[in-house]
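Undergrad: Please build the complex by placing chain B on the supplied structure of chain A, with the hints as guidance.
Protein chains in written order, with the working numbering: chain A, 233 to 313; chain B, 273 to 418.
The hints are simulated quantities; they were obtained by calculation from the structure and are not laboratory data. Hints may be right or wrong, so weigh each one.
Per the computed footprint, the stretches of chain B lying under chain A, defined by three or more beta-carbons under 8 Å from a beta-carbon of chain A, are [stated by the list, open to error]:
id: 1; region: 319–332
id: 2; region: 396–410
Facing chain A, according to a computed beta carbon distance under 10 Å, are these residues of chain B, among others [to be verified]:
id: 3; residue: L287
id: 4; residue: A295
id: 5; residue: G305
id: 6; residue: H350
id: 7; residue: I361
id: 8; residue: V362
id: 9; residue: V364
id: 10; residue: D383
id: 11; residue: K386
id: 12; residue: S387
id: 13; residue: A389
id: 14; residue: F391
id: 15; residue: W392
Where is the CB? At the ideal position from N, CA and C, for every residue including glycine.
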Amino acid sequence: MTRVLLFGRLSDIAGWREKTLEPAPARLSDLRALLAADDAALGEALAAPGVQVALDQVLARDDAPLSARSEVAFLPPMSGG
Amino acid sequence: MISLTDQGFDPGPLLSGFCRGRAETGAVASFTGLARAEGGETRILELEAYPGFTETQIGAIAETAKTRFELHDLMIVHRIGQIAPGEPIVFVATAAAHRRAAFEACDYLMDYLKSRAPFWKKEHGPDGARWIEPRAQDHEDIARWA
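Okay, chain A solo, but in the shape it has when bound (with noise of 0.2 Å):
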């Protein structure tokens, strides 16, 4: 089971916040291409320049492998204060 997360822009997008995949993917590049076949223009927001990935709230790489119960979060870029 993987946790997935949307932050900012991006749940606009998607129209949700937090959802759940059922089996996990192996790997976070798959869950990408998951999410990507489902929405195509949150495939193409995931993928825009400046916006990372937290895998169990570490910063994480694309080819990351996902445990079996995971959290992936998306963060687009980020501005505080």
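TA: Chain B only, in chain A's frame:
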């Protein structure tokens, strides 16, 4: 101390509390950021964080700042949720032996918070809502510390 809050805060008491009981601290610098109305373009600013991750990331940069500027202490309070124009959105205070380090650390922490801390900011105005992303100036600001 690092805290995220969905409640409004008053920077005055935060600063007084931060200054209390410091016999060896020669300098405290603070910064308060307020939400701007942008001439009526912004009615509400909405700030989103990633609970847990946001605090961890800010904590890591706070540790870097403590070491780099030899700080005695620091405090960061950041609003999340809906913020009206004129309300404080962020408060940063730094304590050091001398003023230069306290000023610089405050500046450094704010540059970091503007473009690297995990927050997402949406402006609600008369013509709808839009996400705010870091400006070129914000990237230039943080590049000064490399």
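Undergrad: Against chain A, run the beta carbon of S387 (chain B) and see if the smallest gap drops under 10 Å.
TA: Result: holds, 6 Å to nearest chain A Cβ.
Undergrad: Taking the least C-beta to C-beta distance, is L287 (chain B) closer than 10 Å to chain A?
TA: violated, 17 Å
Undergrad: Verify this for me: three or more residues of the region 396–410 of chain B with a beta carbon less than 8 Å from a beta carbon of chain A.
TA: holds (count 5)
Undergrad: Would you settle whether the hint for F391 (chain B) is holds or violated, based on the nearest Cβ-Cβ distance to chain A being less than 10 Å?
TA: holds, 4 Å
Undergrad: Are there three or more residues in the region 319–332 of chain B whose C-beta lies closer than 8 Å to some C-beta of chain A?
TA: holds (count 6)
Undergrad: Holds or violated: the hint that A295 (chain B) contacts chain A, with Cβ atoms closer than 10 Å.
TA: violated, 31 Å
Undergrad: Mind checking the CB of D383 (chain B) against every CB in chain A and telling me if the closest is under 10 Å?
TA: holds, 9 Å
Undergrad: Does A389 (chain B) pass the interface hint, meaning its C-beta sits closer than 10 Å to a C-beta of chain A?
TA: It holds, given that the least Cβ distance between A389 (chain B) and chain A is near 4 Å, below 10 Å.
Undergrad: Holds or violated: is the Cβ of K386 (chain B) closer than 10 Å to a Cβ in chain A?
TA: holds, 4 Å
Undergrad: Quick check on the hint: W392 (chain B) CB to chain A CB, less than 10 Å?
TA: holds, 3 Å
Undergrad: Holds or violated: is the Cβ of H350 (chain B) closer than 10 Å to a Cβ in chain A?
TA: holds, 6 Å
Undergrad: Would you check whether V362 (chain B) satisfies its interface hint, that is, whether its CB is within less than 10 Å of any CB in chain A?
TA: holds, 5 Å
Checked against the numbered hints given earlier, the structure breaks hints 3, 4 and satisfies all the rest.
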